[in-house]
Structures are given as C-alpha cells and as structure tokens.
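Novice: Single-letter residue listing:
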Amino acid sequence: MEFNTNFILGCSAIGAGLAVIAGIGPGVGQGIAAGHAAAAVGRNPGAKGDITGTMLLGQAVAETTGLYGLLIAMILIFVKPLAK
Amino acid sequence: MNPILLAADNEVDFMIHGIFSYSFFGQKVWITTTHVCTLIVLITLMIFMYVAGRAMKKGKEVPEGFQNVVELIVEKLDGMVESTMGTKGRNFRNYIGTIFIFIIFSNISGLLGLRPPTADYGTTLPLGLITFTLIFVTKIRYQKVTGFLKGLCDPWPFWAPINVIGDVAVPISLSLRLFANILSGTVMMALIYGLLNRIAYVWPAALHVYFDLFSGAIQTYVFCMLTMTYIADAMGDS
Numbered sequence: 731m732e733f734n735t736n737f738i739l740g741c742s743a744i745g746a747g748l749a750v751i752a753g754i755g756p757g758v759g760q761g762i763a764a765g766h767a768a769a770a771v772g773r774n775p776g777a778k779g780d781i782t783g784t785m786l787l788g789q790a791v792a793e794t795t796g797l798y799g800l801l802i803a804m805i806l807i808f809v810k811p812l813a814k
Numbered sequence: 006m007n008p009i010l011l012a013a014d015n016e017v018d019f020m021i022h023g024i025f026s027y028s029f030f031g032q033k034v035w036i037t038t039t040h041v042c043t044l045i046v047l048i049t050l051m052i053f054m055y056v057a058g059r060a061m062k063k064g065k066e067v068p069e070g071f072q073n074v075v076e077l078i079v080e081k082l083d084g085m086v087e088s089t090m091g092t093k094g095r096n097f098r099n100y101i102g103t104i105f106i107f108i109i110f111s112n113i114s115g116l117l118g119l120r121p122p123t124a125d126y127g128t129t130l131p132l133g134l135i136t137f138t139l140i141f142v143t144k145i146r147y148q149k150v151t152g153f154l155k156g157l158c159d160p161w162p163f164w165a166p167i168n169v170i171g172d173v174a175v176p177i178s179l180s181l182r183l184f185a186n187i188l189s190g191t192v193m194m195a196l197i198y199g200l201l202n203r204i205a206y207v208w209p210a211a212l213h214v215y216f217d218l219f220s221g222a223i224q225t226y227v228f229c230m231l232t233m234t235y236i237a238d239a240m241g242d243s
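Going down the list, the protein sequences come from chains A and B.
The opening residue of the first sequence carries number 731 in our numbering; numbering runs sequentially from there.
The opening residue of the second sequence carries number 6 in our numbering; numbering runs sequentially from there.
Please keep in mind that the hints were generated in silico from the structure rather than gathered at the bench.
The beta carbon of each residue, even a glycine, is placed where N, CA and C say it ideally should be.
It is possible that part of the hints are untrue.
According to the in silico footprint, chain A covers these stretches of chain B (three or more CB under 8 Å from chain A) [as the list claims (entries may be wrong)]:
(1) 187–195
(2) 223–229
Ranges between beta-carbon positions, derived for each pair [claimed, not checked]:
(3) A:L739 x B:I170: 30 to 36 Å
(4) B:S28 x A:I802: 39 to 45 Å
(5) A:V750 x B:G84: 36 to 42 Å
(6) B:Y147 x A:I738: 39 to 45 Å
Could you put together the complete structure from these sequences and hints?
Specialist: Structure, rendered in structure tokens:
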C-alpha cells in the first residue's frame with residue numbers, strides 16, 4: 731500500500747511529539763536529585779560545593795535519556811527518514 | 006543565505022551547510038560549516054597559546070597581569086584532575102586539560118554567532134572514541150591482559166557479551182550527551198531568531214547565557230568528569 735508523502739510527514743510530526751514525552755523522566759529524576767541535594771546542604775552547609783558538583787554531574791547523566799528522545803524527534807522532523 | 010553565521014538570516018536554519026566539495030579518492034567530500042568553525046576555534050586557541058607562552062617565558066616569581074590568568078587556568082585544571090583521580094592520575098592532566106579547553110571554546114563559540122563545532126556528531130564521536138581508546142589502553146597497561154579478561158567475565162564467564170556491550174556504550178553515550186545538549190541549544194536559538202525575528206532584540210542575550218555559557222560549561226565539566234571517572238576505574242586498585 732502506498733501512502734502520500736504529506737501523510738507520512740504528518741505522522742512523523744506526531745511521532746516526534748510523542749518522542750519528546752521522554753523528557754518527563756529526566757525532569758522527575760533531576761527534581762529528586764535537586765531536592766536531596768537541598769536536604770544535604772541543610773544538614774551539612776559546609777559541604778555545599780561538593781554537593782553542588784555531585785548533583786550537577788548526576789543530573790547531567792540523568793538527562794541523557796531525555797536527550798535521546800529529543801534526538802529521535804529531531805531526526806524524524808529534519809532528516810525525514812520515513813518519507814524517502 | 007550566509008553559511009557560517011547562524012543569526013544572520015530571517016529563517017529557521019541550524020543545519021550544517023556544505024561550503025565547497027572536492028574529490029577524495031573518487032569520493033565527493035564536503036568542507037562544511039563545522040570545519041570552518043573548528044578552524045576558527047583552533048586559530049583562537051593557537052593565538053591564546055602563543056600569547057600565553059610569551060607571557061610565561063618572561064614570567065616572574067610573583068605573577069602579574071596575563072601570567073596570573075594562565076597560571077590560574079592551569080592550576081584549576083590540574084586541581085580538578087587530581088581531586089577526581091588522585092595522585093596516580095597526574096599523567097592524564099594534559100589530555101583532560103586539552104579536551105576541556107577545546108570543548109569549552111567550541112561550546113562558547115555559539116555566543117559569537119558561529120555554529121558550535123560540538124553541535125555536529127562528527128566532532129563529538131571522535132572525542133568519545135579517543136576517550137574509549139584511552140580507557141582500553143589504560144586498562145591493559147594497569148591490569149594487564151589477565152585482569153582485563155577477568156573484568157570481562159566479571160560475575161560469570163557467560164556474562165561477557167553484556168560487559169562488552171557496556172564497554173561499547175561508553176563512547177556512544179558520552180558523545181551523544183554532549184552533541185544533543187549543544188544541538189538543542191543551537192536549535193532553540195535558531196528557532197527564536199528565525200520565528201521571533203521581529204521582537205528578538207536584547208532579551209535573547211539571557212537565553213544565550215543559559216544555552217551557550219551555562220549549558221556549555223556544565224556539559225564540558227560532565228564530559229571531562231566522566232572521562233576521568235572511567236579512566237580512574239580502568240586503573241583499578243593497584
């Protein structure tokens with residue numbers, strides 16, 4: 731069955747929108763990390779520098795899965811692999 | 006259409022453009038905006054290197070002026086490596102310092118309207134592969150071949166394929182993380198300049214601070230930090 735190119739592009743756009751739902755997970759994870767970091771600073775204000783560094787490193791690693799969703803969305807919209 | 010400057014046009018455009026092509030062993034190869042922007046970054050770094058070398062050559066016991074800046078940068082980078090890897094990681098100061106300065110200059114070049122070289126997977130994948138090679142060589146050198154094979158069959162021998170996949174995933178996730186972060190910043194700025202070009206005056210500067218300076222610096226730090234963690238892990242306990 732042959733599909734119209736515009737139909738495929740529209741479905742790609744919907745797929746791209748669905749792919750960036752992956753951003754929910756890192757958002758929750760980063761929030762949890764930041765909350766625990768705030769609690770840790772409250773308990774031990776002297777270690778604020780170390781805690782901030784560790785928190786940022788962990789958040790950046792947790793961000794990766796969200797970025798994979800973003801990459802898939804960008805590939806679907808701009809590279810158009812399905813419409814070729 | 007201006008192929009190098011991103012913000013010079015009124016349409017959404019953040020793609021890599023070919024500038025001219027040539028034939029290389031029968032293959033058509035393009036010189037792209039990434040090459041030009043990398044060259045600009047490298048020339049900037051070389052000028053900085055030359056000036057810093059001149060400043061250090063007639064350096065004094067008590068530093069002053071530009072010598073202060075150079076010594077501060079070197080000391081901070083050395084301190085970062087030593088606090089993460091311990092004294093045994095001293096030999097990696099050169100590599101970590103080099104990639105740190107290159108990546109941060111590449112990320113910040115978005116401020117000047119260039120397309121950041123790190124927003125091209127062709128730049129970040131080699132960086133990840135260099136780190137991967139370094140991890141492999143360090144593992145062989147410090148743990149010998151027996152230790153390497155023992156680490157491969159960690160809980161049980163039939164676990165080896167999963168360990169291999171875990172090792173191969175390291176450069177891919179390292180390079181994709183850096184690439185996707187910088188690319189998302191580039192796309193956001195291109196959307197703002199392209200779609201809101203009537204009202205995009207002055208206030209995008211705040212977004213530049215976040216996407217180019219903050220995000221770029223964090224990602225540089227994370228790339229170097231993870232590289233150091235993996236290498237320190239490869240060195241083992243010995």
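Novice: Does each hint hold? Answer for all of them.
Specialist: Results of checking the hints against the structure:
1. Judged by the Cβ-Cβ criterion of 8 Å, the region 187–195 of chain B is covered by chain A as claimed, because 3 of its residues qualify and three suffice.
2. Look at the region 223–229 of chain B against chain A: 4 of its residues bring a Cβ nearer than 8 Å to a Cβ of that chain, three or more, so the hint holds.
3. Checking the proposed 30 to 36 Å range against L739 (chain A) and I170 (chain B) shows it holds: the Cβ atoms sit about 34 Å from each other.
4. In this structure the hint that S28 (chain B) and I802 (chain A) lie 39 to 45 Å apart at CB is violated, the actual value being about 34 Å.
5. Our hint of 36 to 42 Å for V750 (chain A) and G84 (chain B) holds, since their Cβ atoms are close to 39 Å apart.
6. For Y147 (chain B) and I738 (chain A), the Cβ-Cβ distance of about 52 Å falls outside the hinted range of 39 to 45 Å, so the restraint is violated.
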